[in-house]
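Q: From first to last, the protein sequence lines stand for chains G, X, V, H and S. Residue numbers for the first sequence follow the numbering used here, beginning at 6 and rising by one. Residue numbers for the second sequence follow the numbering used here, beginning at 48 and rising by one. Residue numbers for the third sequence follow the numbering used here, beginning at 48 and rising by one. Residue numbers for the fourth sequence follow the numbering used here, beginning at 1067 and rising by one. Residue numbers for the fifth sequence follow the numbering used here, beginning at 8 and rising by one.
Any given hint might turn out to be false.
Said to hold, decoys possible - Here are the simulated EDC-like pairs of lysine to aspartate or glutamate, each with C-alpha atoms no more than 16 Å apart in a straight line:
no., chain 1, residue 1, chain 2, residue 2
1, G, K196, S, E156
2, H, K1189, X, E124
3, H, K1189, X, E151
Hints listed in this document are in silico derivations from the structure and should not be mistaken for laboratory results.
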Amino acid sequence: STVDLTAQEAGGDLLSRIRDRGEVNIGIANEAPYGFVDRSGRITGEAPELARIVFQRLGVERMNPRITDFGALIPALQVGVFDVIAAGMFVTPARCKQVLFSDPEYQAPEALMVPKGNPKGLKTLDDIVANKDVRVGLLTGSANISYATALGLMDRAVIFDSVFSGLDGILANRADAFSLTAISLRDALSKRSDAPLELTPAFVPVIGGKRQLGCGAFGFRRDQRTFRDAFTVELNRMRASGELLSTVRPFGFTEAEMTTLTATELCTDTSS
Amino acid sequence: MLGKDLKLMSQSATEAALTSRKDGQFIHFDKVSKRFGDNVVLDDLSFAVGAGERVTLIGPSGSGKTTILRMLMTLMEPDTGTVRVGDDYLFHEERGGKLVPASEAHVRKVRQRITMVFQSFNLFPNMRVLRNVTEAPVHVLGLSKEEAEERALGLLEMVGLDHKIDSYPSQLSGGQQQRVAIARALAMRPDVLLLDEVTSALDPELAAGVLDVLRDVAKTTDVTMLCVTHAMKFARDISHRVLMFCEGKIIEAAPPEQMFDSPDHERTRSFLQSVLNES
Amino acid sequence: MLGKDLKLMSQSATEAALTSRKDGQFIHFDKVSKRFGDNVVLDDLSFAVGAGERVTLIGPSGSGKTTILRMLMTLMEPDTGTVRVGDDYLFHEERGGKLVPASEAHVRKVRQRITMVFQSFNLFPNMRVLRNVTEAPVHVLGLSKEEAEERALGLLEMVGLDHKIDSYPSQLSGGQQQRVAIARALAMRPDVLLLDEVTSALDPELAAGVLDVLRDVAKTTDVTMLCVTHAMKFARDISHRVLMFCEGKIIEAAPPEQMFDSPDHERTRSFLQSVLNES
Amino acid sequence: MTWDWGYAWETLPQLLDGLGVTVLATLAGTAIALVLGLVFTVMRRSSARWISIPTEIFVEFIRSTPLLVQLFVLFFVLPEAGIQLSAFMTGVIGLGLHYATYTSEVYRSGIEGVPAGQWEAAKALNLPTRRVWTSVILPQAVPPSIPALGNYAIAMFKETPQLTVITVMELLSVARQLGAENYRYLEPVTIIGVLFLLLSLPTAWLVRRMERRLVPAPRPV
Amino acid sequence: MSPQLFAYLLEGLLTTLQLTVGAAVLGLVFSFAAGIATCSPNIVVRGVGRCYIELFRGISALVLLFWFVFALPYAGWQLEPMWAGILALALNIGAYGAEVVRGGIVAVPVAQIEAAVALNFTRSQRMRLVVLPQAIARMLPPFGNLLIELLKGTSVAYIVLIPDLTFAGQIVRNATGDSASVFTALLILYAVLAVIFTTIVRLVERRVAKSLGRQPTPGFFARIKGVKA
Ligand SMILES: Nc1ncnc2c1ncn2[C@@H]1O[C@H](COP(=O)(O)OP(=O)(O)OP(=O)(O)O)[C@@H](O)[C@H]1O
Ligand SMILES: Nc1ncnc2c1ncn2[C@@H]1O[C@H](COP(=O)(O)OP(=O)(O)OP(=O)(O)O)[C@@H](O)[C@H]1O
Ligand SMILES: [Mg+2]
Ligand SMILES: [Mg+2]
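Next comes chain G alone, as it looks inside the complex:
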């Protein structure tokens, strides 16, 4: 059961091996609506659904999803536990040093989940910075952690290991606000509509004068450029034909979430 990693690092073409195998391993973080297990027990989400179509077009019929902690996605990809991250992972320059990204399939503004009535009157991350009493909930390994670090919020951060832990955490008064993408939070809340919680209107965080627009994409190992490129080509075809939007629409995505930014721009553009 040992796998020789060095063979792959020597530049072997993973895509052709996947084609031979007829099966691709994708990593998801069990985070709705990106990649998750739904009520009926099926693995779905915008990223796995897109990946399914793209891989079919690349000649790979079967898809084998492996669920892991969000924070462990990149290390697990690097050691070969799976071939692609299909978790709607945000493209950040730091992450670009570790993995190759496809062009993003969506952009997502942020929101805060707060107790019903928003007793502390929080609207954006800046409000949290201003009010020193607020404890902010973050998802382990998410991009929000680097925002919070940059904003000096870490000493009041409560780090949850899943979206639902965050939701339960607000209910249990473990934190005053849970910061994540609006789309994740909306989805989580929809499953617990009875919970006395609400979402703030979506916002785009600004750090060091730069807008932090979260764009989710698929991740590949650094030595798999050909693979990544082949994947990106198919993805962009879907984007052009509108098929991308129609595929992700059931998961709560709209035109507002569509983007034409590229991985290259996102990897070099911002810095935090």
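Position chains X, V, H and S with the ligands relative to chain G; hints supplied.
A: Quick look at chains X, V, H and S with the ligands alone, frame taken from chain G:
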């Protein structure tokens, strides 16, 4: 040396004998049975012991001798039958003319008159010799520490161990430990003293010392003694009466001279022969 | 019944006696000393035992009797001095004319002639009676299972336990366990049999049975026996010689009649008196 | 990927902070486990069956379910019942409660290790029940239990990483966070392993020394 | 709950069982190897045994898991998470088991070894024929406890991608949003598994105790029935 301490003992034994109900006896076993699984250990046994009487129990292994003593010490309950000490039932109380199982308080009250010395001494290893002897008088009889120590010193002197009061039991030889155990038991000024093969874990030479102490106790006090032993010479010296047990029954009871010199029963004869034979 | 099994024993004992170096003796303790901390347990002790001789060791507690037996069994090493069994040193080997500490193989070879029965029987609780007796003959002497079982059955019959071969030790009485232990030891056909107070953990009646078995062994074989016991009558019956130990020295050695009836030494007299007194 | 000393050095201060939390949680948890365990033991031996049986079931249940899941429950469900404790307190209580079921077993076997003769002698002297416990049984039962109790303290130390699921930033959470931020797990995780060893080895050594003092030296086989 | 989600739980349950049993078997091998090694007269063998015990008792299974899954691949070989899980748990539990083995051996009365010397058994025969068979009876109850430890210990595996019962619970929790009932179900499932394991161990204990002609110590059920001396 002895008189001083032991005169004080058992003021209540005679008293108890007076208050005893009908037959002038102090301890009554009445139709007592006890079994473990299929093993009938005591078989509908009845006997009585007078106040101040010294009785030796003999008999082959497993015949129920220890069981009798343990039952009197309430370490074991009878299946059926009653045990009476003085006026009180040991495992029962009379309530509205009926016998009901005794409360803990009742058992503790009756048990107060009785104490036991064990084959394996059972000194408290975490206490020094002196505290082994004073612990119960202080916490059970409510003596002050000074009173208890005075009493303990007297008794330890009697058993020849007043120079060891600051030792731990583990620093004493078996014979010394057993003598402390005797002092500890006597410190409670019991009416009844139970002795279960108190020398059989000891070397013959050490055993001799312990038996000497017990001879003294027997001769200078009027404590009621029930004693299981294989030391036949000792039994002859001190006991008023010898009971021969066999399979949970008393098959013969007689004064020691008669029992040892001309036993009635064949089983007694063979038992005594094998015990006296090897030495 | 006895003859059959025991005739076979110790073919080599006489042989050993013949090969013994100078004085016709079989076991030699030569200037053996042993101490634990400050406690001098054996004090420059020398003595010898002839092949086929039966020797009883007596003496007060702590005088070093057990130590002698345990040393012969190699459960303990001497601090100084040598022990010889037949031609071989027990803890040393001769190499180039010099005595060097013995190798494990050498010790095993010499030890093969000796075995021991313990006060607390020490049967193997994980084996049934039969296997307790056959295990060593099979694994040490290299007998086949059938041979070993035949031998074991003969010995178990001799000790009167052939009906218990399928019991576990825990299902036997102490006396029965000790008789199995004797059978187990004899199954090794030792030249030397060591017995350390083999009846003192037993009730007098059970002890009698064990001593009877040992009387048989003594009378029907020529095994060399070293025996620590307080059963003076037994000692008188079987031993050729009695050694009185005191503080790690032999203070008196004599045939049993002389030792028990007219001991020379004051210490012996007082010891014997206390042992014989209580029974 | 090779070992990066610079990165290792950089992460060390944060890891040491995490270690502080871990050690504090262990100490507090041990204190709770020691006391609560004794309480459980005494309750389980109670002659009142309405005390002893529920206690026995409770202890057995806690003992046979994972600490991890218990932490989840304490952290997310207790507040719904109106009990609001900090994450750290929740973790300490979870650890203490869980390990109390172990220490309770240790105390129990310590008590059972006291020879029956001691109970009988105490009864023969008619000592009152409380006195039997305080002067005869516990003084004999507790000292031999100390090494086993010490071992559980070490075990607890190594369980603290589970507090990560209830947002306590102990050693492993810090390492995971660092790993997720920098995508390098090798250094922080290795440092954790070494830190664990540095703390647990001397403790284990101490426990064994105690054990040796309490149990006289064994012999060659 | 949908059949699929139920299937996750079932699969998680099986994974947990697989981890537990696999690590128990492998751990048993480590336990005996190291435990017997610590009783060896040879100082090197003893040293190796001790080092193993101290090292792997000292490092938590979780850290080992992380190492095996995320660090070891850089040293050139990669374990399936499942195998990494079994190995890490086994190394850890084996170190504890080794102490149990040692304790069991040391607890065999010296007199038994002396009796074996008196019968002139060799050192290894003494160990094999006399000491171990008795020691194993003493080891079983603590081994039973370790097995439960191990069962519970497997719940950390989810952190490194092994879809065990706790992991399955997390999935169901995320899918349904119902934290309280998922946690309750998990607690009950683990408790049921523990009871099953305990029962099996007690059956073995009873057998072994019987083969020594001993009374086994009373178990949980006997205890709550309140048999007291
Ligand atoms: N707790 C117990 N459980 C089962 N059987 C018991 C128990 N206590 C005693 N027995 C049995 O009761 C019987 C009588 O035991 P007891 O100790 O009274 O005999 P004894 O006359 O004192 O014998 P010994 O001389 O050997 O001390 C024995 O067969 C013994 O096995
Ligand atoms: N392993 C040991 N460590 C320390 N002292 C020991 C050891 N073995 C024996 N002794 C001491 O050696 C002395 C002699 O012991 P030994 O057992 O030979 O006496 P014994 O004559 O057999 O006495 P007993 O009749 O009591 O059996 C005793 O004082 C004992 O305390
Ligand atoms: Mg008895
Ligand atoms: Mg001796």
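Q: Can you confirm whether the C-alpha distance between G:K196 and S:E156 stays at or below 16 Å?
A: Between G:K196 and S:E156 the Cα gap is close to 35 Å, so the pair fails against 16 Å, i.e. violated.
Q: Does H:K1189 pair with X:E124 here, judged by a C-alpha cut-off of 16 Å?
A: Holds - the C-alpha atoms of X:E124 and H:K1189 are around 14 Å apart, at most 16 Å.
Q: What's the verdict on H:K1189 and X:E151, does the C-alpha distance respect the 16 Å limit or exceed it?
A: holds, 12 Å
Going through the hint list in order, the structure does not satisfy hint 1, though it satisfies all others.
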